[in-house]
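Protein chains in written order, with this note's numbering: chain A, 511 to 732; chain B, 511 to 732; chain C, 511 to 732; chain D, 511 to 732.
Simulated from the structure, these hints should not be mistaken for lab results.
Everything numeric in this text was worked out from a predicted model, so none of it was measured.
Certain hints may be false.
It does not matter which identical chain is meant; a pair holds if it fits inside one copy or across any two.
Taking lysine-lysine pairs in the BS3-like style, the calculated list, with each CA pair at most 30 angstroms apart, reads [said to hold, decoys possible]:
id : residue 1 : residue 2
1  : Lys638    : Lys684
2  : Lys684    : Lys651
3  : Lys597    : Lys651
4  : Lys597    : Lys569
5  : Lys651    : Lys638
6  : Lys684    : Lys569
7  : Lys684    : Lys597
Number of protein chains: 4
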Amino acid sequence: MVAPELDHEGRLVGMDVNSPQGMSFEEAAKGVVAMARFAGMRGWVPATSGNFSVRVDEKWAALTATGANKAELDEAGVIEAEIAGPKHPRASAEAPLHLVRYRAAPEIGAIAHVHGLAATVLSRRHEKAGSIRLEGWELLKAFPGIDTHEAHLDVPIVPNDQDTDRLAGLVEEKLAAGGPFHGYLIAGHGLYVWGGSAVETIRHMEAFDFLLTAQMYEEGAR
Amino acid sequence: MVAPELDHEGRLVGMDVNSPQGMSFEEAAKGVVAMARFAGMRGWVPATSGNFSVRVDEKWAALTATGANKAELDEAGVIEAEIAGPKHPRASAEAPLHLVRYRAAPEIGAIAHVHGLAATVLSRRHEKAGSIRLEGWELLKAFPGIDTHEAHLDVPIVPNDQDTDRLAGLVEEKLAAGGPFHGYLIAGHGLYVWGGSAVETIRHMEAFDFLLTAQMYEEGAR
Amino acid sequence: MVAPELDHEGRLVGMDVNSPQGMSFEEAAKGVVAMARFAGMRGWVPATSGNFSVRVDEKWAALTATGANKAELDEAGVIEAEIAGPKHPRASAEAPLHLVRYRAAPEIGAIAHVHGLAATVLSRRHEKAGSIRLEGWELLKAFPGIDTHEAHLDVPIVPNDQDTDRLAGLVEEKLAAGGPFHGYLIAGHGLYVWGGSAVETIRHMEAFDFLLTAQMYEEGAR
Amino acid sequence: MVAPELDHEGRLVGMDVNSPQGMSFEEAAKGVVAMARFAGMRGWVPATSGNFSVRVDEKWAALTATGANKAELDEAGVIEAEIAGPKHPRASAEAPLHLVRYRAAPEIGAIAHVHGLAATVLSRRHEKAGSIRLEGWELLKAFPGIDTHEAHLDVPIVPNDQDTDRLAGLVEEKLAAGGPFHGYLIAGHGLYVWGGSAVETIRHMEAFDFLLTAQMYEEGAR
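Please take these sequences and the hints and turn them into a complete structure.
Given below as structure tokens:
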């Protein structure tokens, strides 16, 4: 696989925004690499953390392999995982959190998990409340279905759990109870965010990071 | 259009500072691209937000098209809009906020709209006051007509409004009542800033971002 | 020595993670350069501060020479020091803090000393307590032996001392009393961190910087 | 003049540290450009602010011209100014603050004036006290004559003044009353810092920026 074309800031150049389904594994892997390097350049995947996936079709997804350094990811660090199948031998422990989302929502074309500073700090501060409300910010309009700053977006927060199958169950239960959500936080851990494609998911990553950072500065130190 | 020459930090190389009027669309578009990429490299246009324009002459302006990713903008993302004419089909919803300024102030050669962190946070904190005063900072001298730190600059803050024609009317009313202003904030949204040319507007973007960031750290967390 | 291959963000490309012992001096020096440049690009070695080492074998280590600018380090700034031998004429004053660790722990393959902002600020804030507890963060799992966020990591803090032989003695006493520790802070000074190899130590540097920064924002201003 | 060799982070490659006097104007201008670009890449010269100089010999200094964008400085933006002579027609308004230092202290080989965030914020917070004390930080050792963290460094703060001849007189009076100082702050304005050469002055810029940033985080929001 040729490395995706990224500009100086790690943005993906010339990628088609709207083809979440029916693409080849190679195309999907290109999107995975693009999301990972974009996040890496912004410091959102410290110490080889984070993981990324792009749906190939109804049955398969391209997914970062366990142990790969996401900030310098290439083809060798991307595996093809069956969405409803048995665990891939090189899948990371967090693979269930990706795959369950693809099963639950056919409109999802790509998923990113990142460890931004504000996401991590606010996920603990608001853990007891079970969610954090983003409200009144113009950048909420980055998410589909939101066309005014007068909207609000509740970002669910779930307690961290090393049993990722159990965690995935809890997450889906919370997500099914409302929404649309576009992302959620795991307390002390980080952000999961998705979109119709890798490019849209990159946009949503940026929007969440900006909104959560602004929220953190607005709340100030406790 | 050849991409403008930008240095490592995204600064425009060798652009003529003083020809806001009478330039070709291609020259104006070059200025639009330069402002957009400069802002993109500093993280001021997250999630494809922000928009930029350069006046071509009395009647026309080069303007970012709706939906373009400003951080990787090129010629295809710039349209030629009539300053007092009907809405261009690819104009963004915020085009009126640019065009009304060119009609009101013939000395304006370029306009930038960016979403910096401090601008966004302070625009909400001071919304009720209707403005934020920057006072006593040496960098105020970056703005024309200010030649001492003993000056102050009141930056108007208007409430956000998705009806940008109505918002533009409110903005112009506030700007006509005093000034000169060099820029204003929309609450929870971001900064509008202008200058005689793209290069001067880049300088004013930098000055506002520095001054508002210093102000945010000086005020501290509430 | 050819400069190590680093990507845009200063990450070491293609380095073997698991050969802390038995490598040549040239290989070890390559790891030293990679750690130093990685830290330099992140602003962790301001004003030529910081120092870095990689174990060559049981008896020798590659070590940054005194006075070298770590952010632009090359072969000329790396010396070969005897782990239990007399002081190398070009060794920095802090060499004993490296060498004593290699003597105490044969599993250590590389050591980094950096001056990150959060490490420096928190090292003073918690100096009297003698340690700072990192607890409940997912990224704790970046350290070997920690496989759940429900763990905690106590990071010892020792008072600064210009007599680095005496300081090394105090550090080893503290480290021998508990652990495993993976790193410690010197008050008002910075962080020492180690791992089985240069690549693992880079990962631990990133993990400590992220965790201490998150901790600093969580604690807020006093 | 060939552009100086700068690495990815804007550090000057291969410059001789110890020849503050007796160099050619071309060599001195190279040092001016290196300091300016280094500061530009770190965001310390927003909106074309800042100025830089290197002593050529007892009588002359290379100095940034007024209006030049320091972040993209080249030969055309550097003038040769007489240290005790009449004002150069392209000298900036702040030239007297440079030249008076060269007259007062023959050991000074280079001077930088930068607008870092922490320097600007703290210069106002501590203006009434007339100075800010940096104490107990290991990085104080970056300054010549300081060989232990148990030292302190008092950084004088003078009120800002647009009459730079008068300001220069006040500064020299304060500096003559104690020291050595290595740098001073102008309230709401920025930092002046010097060293024996351009390379040493770059190191002192980095040290002041790190120390003042750590101090700002330690003090917290008021």
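Hint check against the structure, violated hint numbers in rising order: none
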